[in-house]
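Colleague: Sequence:
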Amino acid sequence: MIEEEVGDIIQVMPISLANKIAAGEVVGRPASVVKELVENALDAGADEIEIYLIDAGSSLIQVTDNGCGMTARDAKLCFTRHATSKIRSAEDLDNIHTLGFRGEALASIAAVSQLELLTGQDFSQPSFSLRLDGGDVIEEGRDAPRKGTSIAVRNLFYNVPARRNFLKRPQTELKHTLDMVEVLALSHPNVGFKVQHDKNVLVDVLLDGKTNADGDRWKALKDRVIALTSTPAKTKFIEVDESTSYLSVKGLLGFPEQAKRTRGQQYLFVNGRSVKQRYIEHAVHSAYEYLLPEGSFPFFILFLDIDTRHVDVNVHPTKSEVKFDDERGVYGMLRAVVRRALGMALQTPDSAQATPLRGINLGFDLPSSANGPKTATYSPTYSSEPRAQWGSEATRELLKGAVTVASQHTEMKAGRAGGIGEEGLLWQLHDTYILTQIRSGLVVIDQQAAHERILYEQAAACLQEGFGLSQQLLFPRKLELSAADHVLLEALIPDLNRLGFDLDLVGAKSVTIKGVPADIATGDEGGVLDEIIDQYRLFERIEQLSGRENLARSIAKRGAVKAGNKMSPKEMRALIDQLFECQLPYAGPDGRPTMITVSGEELRERFDKR
24 MIEEEVGDII QVMPISLANK IAAGEVVGRP ASVVKELVEN ALDAGADEIE
74 IYLIDAGSSL IQVTDNGCGM TARDAKLCFT RHATSKIRSA EDLDNIHTLG
124 FRGEALASIA AVSQLELLTG QDFSQPSFSL RLDGGDVIEE GRDAPRKGTS
174 IAVRNLFYNV PARRNFLKRP QTELKHTLDM VEVLALSHPN VGFKVQHDKN
224 VLVDVLLDGK TNADGDRWKA LKDRVIALTS TPAKTKFIEV DESTSYLSVK
274 GLLGFPEQAK RTRGQQYLFV NGRSVKQRYI EHAVHSAYEY LLPEGSFPFF
324 ILFLDIDTRH VDVNVHPTKS EVKFDDERGV YGMLRAVVRR ALGMALQTPD
374 SAQATPLRGI NLGFDLPSSA NGPKTATYSP TYSSEPRAQW GSEATRELLK
424 GAVTVASQHT EMKAGRAGGI GEEGLLWQLH DTYILTQIRS GLVVIDQQAA
474 HERILYEQAA ACLQEGFGLS QQLLFPRKLE LSAADHVLLE ALIPDLNRLG
524 FDLDLVGAKS VTIKGVPADI ATGDEGGVLD EIIDQYRLFE RIEQLSGREN
574 LARSIAKRGA VKAGNKMSPK EMRALIDQLF ECQLPYAGPD GRPTMITVSG
624 EELRERFDKR
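The working numbering numbers the first residue of the sequence shown as 24 and each following residue consecutively.
Don't read these hints as lab results, they were simulated from the structure. Just so you know, these numbers come straight off a predicted model, no measurement behind them. Keep in mind that the hints are not guaranteed to be accurate.
To be verified - Derived DEER-like restraints, expressed as beta-carbon distance ranges:
#	residue 1	residue 2	range
1	501	224	15 to 21 Å
2	564	597	17 to 23 Å
3	499	448	28 to 34 Å
4	348	242	21 to 27 Å
5	315	452	21 to 27 Å
6	165	315	34 to 40 Å
Ideal placement from N, C-alpha and C gives every residue a C-beta, glycine not left out.
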């Protein structure tokens, strides 16, 4: 033992403090608690799990299961940090079949809450009860016999006020929890789930006599998808079921026409664990290739089963990422499997249903195929990833000369500046960029970014002033939503009303659309609202946007004219006029520039090389 000396400053932290710090990684919000408790229930073999919440989980989270239960010794030991039944040695890390294995979750949850546990292994003997406060055991005893475990987490973060203050409003926290339950319930279609919040049942997919537990797994999965998501009951799916000695792939794919403009309904599971792997998602998307409209994403729910020796699940604190020992092979096989399934379902070779690319006809033919000659085209590639903010150095360079454009806009509208008012001097390049001359040279406008700026400022003004024009529907439309989307919509309704929507929530999964903003085409009301919700969730997850800023951005993203849409000279002129009436016409809502200019001097320099 090392003796203490004068000047020593390094100390071993108390266990209670270490657990609170660990809770920062494991327990970020009520949804994190639900995830950890439900995963423990699944690892315990439960086939019925009930979740009860009060105040979106900040006051109470109770998870009850019918799993194997615990002995009294195990029940007390499970709240000790790094105590686990899942692994015994380093070799076990190469053979993990359970969802949990680190032994940190229960200790972390108990450290920042007041927790009660009831557990038993059968109905022949009393169950064991335990109460903890901030991780310290304050009471233990016996209770009525039971099989399974019930854990009630009260007053989450009561002893960490700063963390509690970081929780979002109840609707947001509840939505995150429902999203988490949705993923867990989809990954285990043979397990029943029920979620109740403040006495309202939001999710109820308990099994009816275990009819699907050992029956048709495809029916069980399809029923689960329809029950938990906004997917219509009559939706058809493409089944995937292929295996090799290295990897098996099973699941459901959506038909190309069912694709959406966001990645909201894409579910990937590796050995039963939900993961986010962009390159794997890209493999699926690339398999659809030309079958999808530009900027659309297919529905899929895929289960990848692989020998645990070939995959590492211990690479992320939340276990949301994995690493394969042959990532290239997994990518290639998944892409081939999905492409084959699509080809068989569509009864066509992979690219026979391809939508022709928009672009410049290069005037020569590619080699003939079974489907006849193809004309070579060029079409630019567009990224949906967030761009750098417009204040960055690179963007400032792109925006050079924008002031010149603004100063001459009045002349453009008046038909001066060298005949700029003539419609023949407005051109559309690749059905994506608007080109026109100005006195100092050439201006190139990105039609989508420009229209997003226009719609964003219009939406922001409506949300501020509340004057959005509405058109009432002759026949109100009913739209089915997932429980999480229903909760999100409930929070957004006051602001949606300001934009011109007239909505009534019905039950726990439906909304009646009675009126919509005046500029929405008749018959497209349900699709518009659905896309706005999807886009809102995407911005919230990727760019951490919330509230009115997110809603205004979502409206703009959904409604803007897209790259590849042909515009008439009259439409191009109207877009330019509206753009220069904006407060910030030079950048879209996401910060990318709406226009660039090329001066006459720069053009002369590039052509005159003497």
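Colleague: Each hint should be assessed against the structure and marked as holding or not.
Modeller: We went through each hint and held it up to the structure:
1. Take residue 501 and residue 224: their Cβ atoms lie about 20 Å apart, and the range 15 to 21 Å holds.
2. For the pair residue 564 and residue 597, the beta carbons lie near 34 Å from each other, so the given range of 17 to 23 Å is not met.
3. The hinted window of 28 to 34 Å between residue 499 and residue 448 is violated, with their beta carbons roughly 47 Å apart.
4. The hinted window of 21 to 27 Å between residue 348 and residue 242 is violated, with their beta carbons roughly 35 Å apart.
5. Taking 21 to 27 Å as the suggested C-beta distance range, the pair residue 315 and residue 452 conforms, at roughly 24 Å.
6. Separated by about 59 Å at the C-beta atoms, residue 165 and residue 315 break the suggested range of 34 to 40 Å.
The structure fails to meet hints 2, 3, 4 and 6 from the earlier list, while all remaining hints are met.
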